[in-house]
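2 protein chains.
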Amino acid sequence: MTSDAVTPVLSHVDAHLDESLQRLMGLLRLQSISTDPAFKAECDRTADWLVDELAELGFDAAKHVTPGHPMVVAHDDDNDADEAMHVLFYGHYDVQPVDPLNLWDRDPFDPQVEDTPAGKVIRGRGAADDKGQLMTFVEACRAWKAVHGNLPVKVSMFFEGEEESGSPSLVPYMKAHAEDLKADLALICDTGMFDPETPAITTALRGLAKLELTITGPNKDLHSGMFGGAARNPAHVLAKILADLHDEDGACTLEGFYDGVPELSNSQKAQWENLGFDAEGFLGGVGLSVPAGEKGRSVLEMVWSRPTCEVNGMSSGYTGAGFKTVLPSKAMAKISFRLVGTQDPQAILKALEAHVAARLPADCSYAIHDPEGSPATTMPIENPAFEAARKALSDEWPKPAAFIGSGGSIPIAGYFQNLLDMDAMLIGFGLDDDQIHSPNEKYNLSAYHKGIRSWVRVLDALSKV
Amino acid sequence: MTSDAVTPVLSHVDAHLDESLQRLMGLLRLQSISTDPAFKAECDRTADWLVDELAELGFDAAKHVTPGHPMVVAHDDDNDADEAMHVLFYGHYDVQPVDPLNLWDRDPFDPQVEDTPAGKVIRGRGAADDKGQLMTFVEACRAWKAVHGNLPVKVSMFFEGEEESGSPSLVPYMKAHAEDLKADLALICDTGMFDPETPAITTALRGLAKLELTITGPNKDLHSGMFGGAARNPAHVLAKILADLHDEDGACTLEGFYDGVPELSNSQKAQWENLGFDAEGFLGGVGLSVPAGEKGRSVLEMVWSRPTCEVNGMSSGYTGAGFKTVLPSKAMAKISFRLVGTQDPQAILKALEAHVAARLPADCSYAIHDPEGSPATTMPIENPAFEAARKALSDEWPKPAAFIGSGGSIPIAGYFQNLLDMDAMLIGFGLDDDQIHSPNEKYNLSAYHKGIRSWVRVLDALSKV
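Residue numbers (UniProt numbering), protein chains in the order written: chain L, 1 to 465; chain P, 1 to 465.
Calculated directly from the structure, the hints in this document are not laboratory data.
Warning: the hint list may mix true and false statements.
The list treats identical chains as one, so a pair stands whether inside a single copy or across any two.
Using 30 Å as the maximum straight-line C-alpha spacing, the simulated DSBU-like pairs for lysine-lysine come out as follows [claimed, not checked]: (1) Lys220 to Lys295; (2) Lys324 to Lys40; (3) Lys295 to Lys240; (4) Lys324 to Lys295; (5) Lys120 to Lys220; (6) Lys220 to Lys330; (7) Lys324 to Lys175; (8) Lys240 to Lys330; (9) Lys220 to Lys240; (10) Lys464 to Lys145; (11) Lys399 to Lys120; (12) Lys324 to Lys63; (13) Lys175 to Lys63.
Here the structure is a predicted model, which means the values were calculated and not measured.
Next up, chain L with everything else stripped away, as it sits in the complex (with noise of 0.2 Å):
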């Protein structure tokens, strides 16, 4: 097969493109919130759909049930060509929890695409948090063999609907199903463009470890003025323990830490330089403007190649309107870090449980909930797949594809490698204005528009490697 036959391809995305659309819409409209067990039935109809979408294209498409939400696993048979490679495509079919509901300006389940100043775009929960992406990637299977009857590649695809919710049933599912999803390279779309010109593979991913955190003071809450003063607050003591999770120059102070902690190579700081990354519109999209992190590193550096601590909620005693003088019994942290390098994280988890422990008092006691953990994953850009799709990248967009760090963390990335030994290339569409996890996500309509065209050709070139 030669590159003469993705223009056909091409040009059936272009006049298709609604029809590829309202599929998607159909997909949004399914409510597969995975961390609330109020929705598991409309997890399960999403798999559902899922197989019958795949089926449809001539996938041998299955729904495997987990201890969890289901995956799912589809095989092309109709490509024969025992040269080809084969990859296995992964995405993920569930999506964030909607709240806060008021802060949406439509139906986060009702997607629509609207006119903004920056061209349409698709509204919606999970319009870009995956199923967007995931879509880009299946029709551009649809579009190549609509014309051509089949596809350049051997192409099979994986979803699963825990992503959003720690992914609990994946690693046992991938160990105990190694056979029926070992290829010979994994492509993962859960990742965005550089910027809205410029496409990227993402080749380092940085690790996650996080847990929930509870301390308790008195067995019940009490009244403040009968007790106040006299009884330990909890909220204090958890206030005390955030604030002492950083020094003054932003470096996080948990023991042995930044061990595993690589220096950046003098190469790839040059590399990122030449970017040209716009640090003060970064920050600036988000009404901020100075980098709140480790003092003396760029803004790039913090967010792809520097770990993190962070809180990601905290809750204790009377929240709601009004007030209620309560001295509470209890104080919750969410608590995460993201690692880079060979950061070990259940050592972190351990420093943090040992920061903790040394800033007890007397009469509290704490409690660590669901710890979990995943260490950065680094990609071989050395395997010749990387280029071809770099360079099949660059014929679609207006400026050349580059490898990219990335700040979020991808585990599936690294169970690729260590579980099946795959390489794993990450491509996808998303911009950093896409408000995933946050009120009002959007996919651009370019993005799944171009991102369809892009897997066109990025399945033309792995079939030429």
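Put chain P on the given structure of chain L with help from the hints.
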């Protein structure tokens, strides 16, 4: 009138206790939850009930409309002894909400006398706070009148229906009706005993200052993977602000916080030490063992005579089930201060604001909502009415009555002093285990019975001052 007059009145109380109890049960069945608009008509009905009851006793009783719930004011016109002391008795007929309803062992508004290991109790919402307490006074008046035809002192009564919802109409009403309410001494029944054997006159009430503080960083919740490390996290900022509110010895660090905090006199200290307060039991009852307040202070000092600074509520980011790696836009804390002596609530609220401003990093803003403050109140125990009442109470109970402090705030006592230039004497028969504001509120039957008898004695004693 001599104290020979008291004995037949006490006997009358004993002989007619069941009727007194049935009248209280009638009052307890009225669902006068003032904070919930759904119960507005019921509050009104409760005011009518009191007017009828007092009119039947020969009082000139009236219900007075306010923008909120009505006031009930009643004057005893039978007593024409111009030289007699004129007392104004204050209570409140409204009650706290009953949720969580599932933690009640019975319908909160179907009161019942229950046998418990500690004796008979009257179970129901408002039994102790404040319907049972106010009825001890009403029934004492009834017994005096039944036996002697009139009361030993001139008595007026003043009941409000908004105490549990911040008393919004109280100050305007007192100002507008100062003439009608003015008497020689106010009697307030909304307090407790020192212990089940030791009656008390509460002579020091802590004041209260409070506010809600919100720190804003980014203009929306962010993805901690994308922005974590570079964007300012307001939860960290708030933690630091709260952690810095106390030093290592438990003292509040706010500038000028201890201005106006008096040291306890040696005699008062000695009196409190002699009470044999069970600090271990007090803390042990709520699962604590070590007093958490200022180093070197006794537990009684901490809750009666020292100021406090407490976080009553705290919230930021995602606090639901599971995990959301959000970098929050806002972090909120509700903070209150219990005040003593002549501490100035406004100065302390300003000092807190300065404390916040001094710790605010670039790109963060703060907002303060609903700041409110009322100073502490100290009663003039040199007024001979106090010693007379103390002796009368000591005659009724196993142990001598004590002048005690109270950690809570009862702003009405200050209003009598400041608006009507009247001293106020706080006598009540509540106990620490009455579960006021909580499910299964109760009032000991013995507190009700001996409370009525106590007021019989106090009225007699006041007639001789």
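Consistency of the hints with the structure:
1. Lys220 to Lys295: between (42 Å within a copy, 24 Å between copies)
2. Lys324 to Lys40: Classified as between; 18 Å across copies, 36 Å inside a copy.
3. Lys295 to Lys240: both (22 Å within a copy, 18 Å between copies)
4. Lys324 to Lys295: Close across copies (27 Å), not inside one copy (40 Å); limit 30 Å.
5. Lys120 to Lys220: between (53 Å within a copy, 22 Å between copies)
6. Lys220 to Lys330: both (8 Å within a copy, 27 Å between copies)
7. Lys324 to Lys175: between (51 Å within a copy, 26 Å between copies)
8. Lys240 to Lys330: Answer is both: 14 Å inside a copy and 19 Å across each meet the 30 Å cutoff.
9. Lys220 to Lys240: Result: close both inside a copy and across copies, 21 Å intra and 25 Å inter.
10. Lys464 to Lys145: within (18 Å within a copy, 106 Å between copies)
11. Lys399 to Lys120: within (21 Å within a copy, 81 Å between copies)
12. Lys324 to Lys63: between (49 Å within a copy, 26 Å between copies)
13. Lys175 to Lys63: For Lys175 and Lys63, the Cα distance is within 30 Å only inside one copy (17 Å; across copies 74 Å).
Checked against the numbered hints given earlier, this structure breaks none of them.
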